[in-house]
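Given the coordinates of chain X, work out where chain W should sit on it, guided by the hints.
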Amino acid sequence: MTGNVWVVVPQACLLCGSSLVYLVGRLWKTRNHLLALLTALFFAMALGALVPVFKLARPGDQAAWGHFGPTGAFLRADPGALLVAGIALGLGTLVAIYSGCYLALDRRYETFYPLLLLLVAGLVGMVLAADLFNLYLFCELMSIAAYILVAFRRRLDTAIEAGFKYLMMGSVGTVAMLLGISFVYRGAGGLTLSQTAATPGQWTHAGLACLLVGLGIKSAIVPLHTWLPDAHGRAPSSVSAMLSGIVIQSAFYVLLKVSLGLGFAARDLGTLLIVLSLLGMVLGNVLALVQPHTKRLLAYSTIAQMGYVMLSIGVGLRHSIPAAIQAGFFLLLAHAVMKGLAFLCKGVCHFYCGATVIGQLRGTAARMPLVAVTFSLALAGLAGIPPLAGFAGKWFILTAGLRTADALVYFGLAVFLVSTLLALGYYLPLIGMLFAAQACEALETSEVSRIQVSPWMALPLAVLGCLVLAIGLYPQPWLNWAAAVGDYLGTLGR
Amino acid sequence: MNAETTWLVIILGAPLAAAALLSLMGARGARMAGWIAGLAAALSLVGTIALLPALQRGDTPALGFEWIPAMNIRLAVRLDWLTLSFLITEAAVALLAVVYSWGYHHRDEGTAYFYASLMLFAAGMSGTTLADDIFLFYVFWELMLVASYVLIAVWGEGERRTAVALKYFIFTHVGSLMVLVGLILLYNATGTGSFSAFRAGVTLAPALVRTVVTLFLVGFCVKMAIFPLHLWLPDAHTVAPMPVTIMLAAAMLSMGTYGILRFPMGIFTLAQMTPFAVPMMVTGIISELYGALMALAEDDIKRIIAYSSVSQMGYILFGLGTLTWNGVAGATLHVIYHGIVKALLFMCAGLIIRATKRRRIGQLGGLGGAMPVTAICTGVGALAIAGAPPFCIFISEWMIFSGGFHTARIGLSVLTVFGSLLTVAYALWMLGRIFFGTRPEGLTVGRLPRAMLVPTVLLAVLSLVAGLFPAPVFDWVARELPMLLGGAW
Numbered sequence: 001m002t003g004n005v006w007v008v009v010p011q012a013c014l015l016c017g018s019s020l021v022y023l024v025g026r027l028w029k030t031r032n033h034l035l036a037l038l039t040a041l042f043f044a045m046a047l048g049a050l051v052p053v054f055k056l057a058r059p060g061d062q063a064a065w066g067h068f069g070p071t072g073a074f075l076r077a078d079p080g081a082l083l084v085a086g087i088a089l090g091l092g093t094l095v096a097i098y099s100g101c102y103l104a105l106d107r108r109y110e111t112f113y114p115l116l117l118l119l120v121a122g123l124v125g126m127v128l129a130a131d132l133f134n135l136y137l138f139c140e141l142m143s144i145a146a147y148i149l150v151a152f153r154r155r156l157d158t159a160i161e162a163g164f165k166y167l168m169m170g171s172v173g174t175v176a177m178l179l180g181i182s183f184v185y186r187g188a189g190g191l192t193l194s195q196t197a198a199t200p201g202q203w204t205h206a207g208l209a210c211l212l213v214g215l216g217i218k219s220a221i222v223p224l225h226t227w228l229p230d231a232h233g234r235a236p237s238s239v240s241a242m243l244s245g246i247v248i249q250s251a252f253y254v255l256l257k258v259s260l261g262l263g264f265a266a267r268d269l270g271t272l273l274i275v276l277s278l279l280g281m282v283l284g285n286v287l288a289l290v291q292p293h294t295k296r297l298l299a300y301s302t303i304a305q306m307g308y309v310m311l312s313i314g315v316g317l318r319h320s321i322p323a324a325i326q327a328g329f330f331l332l333l334a335h336a337v338m339k340g341l342a343f344l345c346k347g348v349c350h351f352y353c354g355a356t357v358i359g360q361l362r363g364t365a366a367r368m369p370l371v372a373v374t375f376s377l378a379l380a381g382l383a384g385i386p387p388l389a390g391f392a393g394k395w396f397i398l399t400a401g402l403r404t405a406d407a408l409v410y411f412g413l414a415v416f417l418v419s420t421l422l423a424l425g426y427y428l429p430l431i432g433m434l435f436a437a438q439a440c441e442a443l444e445t446s447e448v449s450r451i452q453v454s455p456w457m458a459l460p461l462a463v464l465g466c467l468v469l470a471i472g473l474y475p476q477p478w479l480n481w482a483a484a485v486g487d488y489l490g491t492l493g494r
Numbered sequence: 001m002n003a004e005t006t007w008l009v010i011i012l013g014a015p016l017a018a019a020a021l022l023s024l025m026g027a028r029g030a031r032m033a034g035w036i037a038g039l040a041a042a043l044s045l046v047g048t049i050a051l052l053p054a055l056q057r058g059d060t061p062a063l064g065f066e067w068i069p070a071m072n073i074r075l076a077v078r079l080d081w082l083t084l085s086f087l088i089t090e091a092a093v094a095l096l097a098v099v100y101s102w103g104y105h106h107r108d109e110g111t112a113y114f115y116a117s118l119m120l121f122a123a124g125m126s127g128t129t130l131a132d133d134i135f136l137f138y139v140f141w142e143l144m145l146v147a148s149y150v151l152i153a154v155w156g157e158g159e160r161r162t163a164v165a166l167k168y169f170i171f172t173h174v175g176s177l178m179v180l181v182g183l184i185l186l187y188n189a190t191g192t193g194s195f196s197a198f199r200a201g202v203t204l205a206p207a208l209v210r211t212v213v214t215l216f217l218v219g220f221c222v223k224m225a226i227f228p229l230h231l232w233l234p235d236a237h238t239v240a241p242m243p244v245t246i247m248l249a250a251a252m253l254s255m256g257t258y259g260i261l262r263f264p265m266g267i268f269t270l271a272q273m274t275p276f277a278v279p280m281m282v283t284g285i286i287s288e289l290y291g292a293l294m295a296l297a298e299d300d301i302k303r304i305i306a307y308s309s310v311s312q313m314g315y316i317l318f319g320l321g322t323l324t325w326n327g328v329a330g331a332t333l334h335v336i337y338h339g340i341v342k343a344l345l346f347m348c349a350g351l352i353i354r355a356t357k358r359r360r361i362g363q364l365g366g367l368g369g370a371m372p373v374t375a376i377c378t379g380v381g382a383l384a385i386a387g388a389p390p391f392c393i394f395i396s397e398w399m400i401f402s403g404g405f406h407t408a409r410i411g412l413s414v415l416t417v418f419g420s421l422l423t424v425a426y427a428l429w430m431l432g433r434i435f436f437g438t439r440p441e442g443l444t445v446g447r448l449p450r451a452m453l454v455p456t457v458l459l460a461v462l463s464l465v466a467g468l469f470p471a472p473v474f475d476w477v478a479r480e481l482p483m484l485l486g487g488a489w
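Here the protein sequences line up with chains X and W, keeping their order.
Quick note on numbering: this note's numbering labels position 334 of the first sequence as 334, and the sequence is numbered without any gaps.
Quick note on numbering: this note's numbering labels position 234 of the second sequence as 234, and the sequence is numbered without any gaps.
With the rest of the complex left out, here is chain X (with noise of 0.2 Å):
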């Protein structure tokens, strides 16, 4: 065990945190407050150990610790993984806290709290990963830990059934994996991602599509995404926004590590990346205007707005161009802070005045002003509306993918532009509702009066919010951490 001990310490902090929550909750019958604010303390622990690992981080020279060599397993701080494991540990804070106020809903704390530690431990473990060995052991705790949670309203049939599916496909992604990393130590000896990229073979290509079809099932690929709309949208709100959020795009981010790993030529990787972003943005869009949940309707703009990071991503393998790369994962960072608030926002209204449906929503504005503006930030962001986050990281799409002369890529923007046109047709009634002057009749407290939003959710929605604000108006620092992302899978593809 070598090497630089920084890289493991959120892992540890997050594993050790989960065990210790746990018996606080169990010993102590304790209230949702003190859980949640020891969850929040674990996740920023994590979140500042990952701190001197980013500054060690330089370009070619990347902290790693664990067993190196031909036959090693170990972890590998690459800018990829700092962004994901950065926006994994920055939302699960922001959950944690809000979380404090919203389980009241669905109590079981002592279970909630390490399962999301859990989760996020596993997905940091995932996208650090260096070895397939390891890479498979983090996927499953994060996949375990995501199950259970969707299914955490387990007096609900509705969530045990989204849970159950959503279990039945991440098994056959699993199995499929397995199948995969079994392929890939047959052809090349070695489950280190560098050296098996060295030996391409039969084995190893086999390997290959079994681990695409695991991953792009864990990632809700479009034709694989079927779990996801039921999974995002009966988990408990706060659930939903770290599922949303980040953790497929993890998973994402690890089929990109290990195809380029694994020695997938980068532009046939690219070109695939592309055809499969058409059939997500379309599909993403048109479903989404038909939901009348808006859960569900969030969860397939997840769908529609993956295909536009794929898509991005697709321009900059196919044609080597860091800035289309750079340009998706600023996007997926956007995304994950607009979803987030999104899914949080709906959780508030959940909690509060029982919303589920759209039409619910109505009168939002009047009840609670702080989550009807901030409602509207995320989804005015996710619509691409200057000068929020959505509309630089679409302009940077945009200006990377009409760089090349490649038929596909303008068929591909095309598509692009038609579906953000279509994306307006359900976010704009959206916010209409939050905004509508009379509110519904259907729900409980049917009178309009001013609701005081717990500070518990209040703190996380207006961070969120101004993070929104703050990634469109200002993007610079934000594109300088995802430019690195962008040279490093350049680099991996090359």
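In case anyone wonders, no lab produced these hints; they're calculated from the structure.
Since this is a predicted model, take the numbers as computed values, not measurements.
A few of these clues could be false.
Across the chosen pairs, the derived CB separations fall in these ranges [as the list claims (entries may be wrong)]:
1) X:408 to W:2: 49 to 55 Å
2) X:469 to W:26: 38 to 44 Å
3) W:274 to X:290: 29 to 35 Å
4) W:208 to X:267: 24 to 30 Å
5) W:414 to X:290: 49 to 55 Å
6) W:274 to X:205: 53 to 59 Å
Just so it is clear, CB atoms sit at the ideal spot from N, CA and C, and this is done for glycine as well.
Same frame as chain X, but now just chain W:
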């Protein structure tokens, strides 16, 4: 920071600051809201006028900061002669619309937000004309759309306001996206978003030039509501509350003209633009005739005036399409004069609707005796829009027609001149049906607030004065023309 840049900051900053202040005040600010918005709009106008001497000295007041260095995008604003005509129209219209709102808008707890949105709308338009970087330009371009969408969706009149607002947003957003693609193609060609690079000249492959110009023309024509891209306009203008309609019709439509002058005509040369001359002229004529015919067929006063905008924008596109000095100068003059007259007509319509609670022309009549001031103002507006001398539009139409006759397409020009007969028809027909004849049973006339009457009278006087003394405005427009078509003039 010298006096010029301070004024630039005030032009943009005053409405933005007012919007922020009003949103923060919320329901508490309802009483003060109108005054704050009026003050901000007035400051914006004063700032624009204060910068006139600097322009006349040959300066171009500018201000810029680093924004996104990695993409070579700057936060830059700049005032030149091309900007001025549009900026001054926009600032004046915004001020008048705010003053008109004092009388028109019923105060409730949302009043502060209403004025805040009006201010954002105004800031979006002045920012669009002042921006010196494509990113900033597009941000303001869309701010204009978002703010007007909010105004229509929340304060619109009638049950269909949400649907109409959505249609308006999506329709004009299609145009915006075309403009966006065009802007980014230019950005990729020059490697910078700054307009100064465009002023220095952009070299593009001929095929790319055609694509970019087409994208810009179609995109901006959506904003100008040129047939067949006008479908959003009649609904949006009818449903929007009157002050917003005034800003939409008198100021926002002209932003499309600004875009055409700034981008395709400002960047490319006469030779590169020539293939587009005939399509622009023909579309202009179709729009002119179609708008006028629809105005004749309509029954709702607001819709008549809305269709008249489609028709008038047709004149402007025709003028631009001639690619002659007279035609382009006439088109720019028409933007300013149309702003004055269209604001006047909508204000009159607002007065009539407020006084009688009716908006169908068939239910009105014989109002001349009961509301003489409104009748005279509407008369001035109708004569002016019909192009009768000595009102201002006579001059701009004259210029546009003479531009047409300077081209080889005499047939098209003759068609435009005869097309203007239709304008006379709908304008006088509307005037006659409302103010002359017998008054229908049960038509009562209510009292009108002074805040609504004063700006109306002011505009009526202005449309006469501008027609009698066109020299100063003509001078501004003449200064802008050397900036166009690669310095062809």
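(message) I want to verify a distance hint. Is the separation of the beta carbons of residue 408 of chain X and residue 2 of chain W within 49 to 55 Å?
(response) Holds, since residue 408 of chain X and residue 2 of chain W (Cβ atoms, about 52 Å apart) stay within the stated range.
(request) Confirm or reject the claim that residue 274 of chain W and residue 290 of chain X have a C-beta distance inside 29 to 35 Å. (result) violated, 48 Å
(message) Quick check: does the Cβ-Cβ distance between residue 469 of chain X and residue 26 of chain W fall within 38 to 44 Å?
(response) violated, 19 Å
(message) Can you tell me whether the CB distance of residue 208 of chain W to residue 267 of chain X sits inside 24 to 30 Å?
(response) holds, 25 Å
(message) Quick check on a hinted range of 49 to 55 Å for residue 414 of chain W and residue 290 of chain X, using CB atoms only.
(response) Holds, since residue 414 of chain W and residue 290 of chain X (Cβ atoms, about 52 Å apart) stay within the stated range.
(message) Looking only at beta-carbon atoms, does the pair residue 274 of chain W, residue 205 of chain X fall within the given range of 53 to 59 Å?
(response) The hint (53 to 59 Å, Cβ to Cβ) holds, given that residue 274 of chain W and residue 205 of chain X are roughly 56 Å apart.
Going through the hint list in order, the structure does not satisfy hints 2 and 3.
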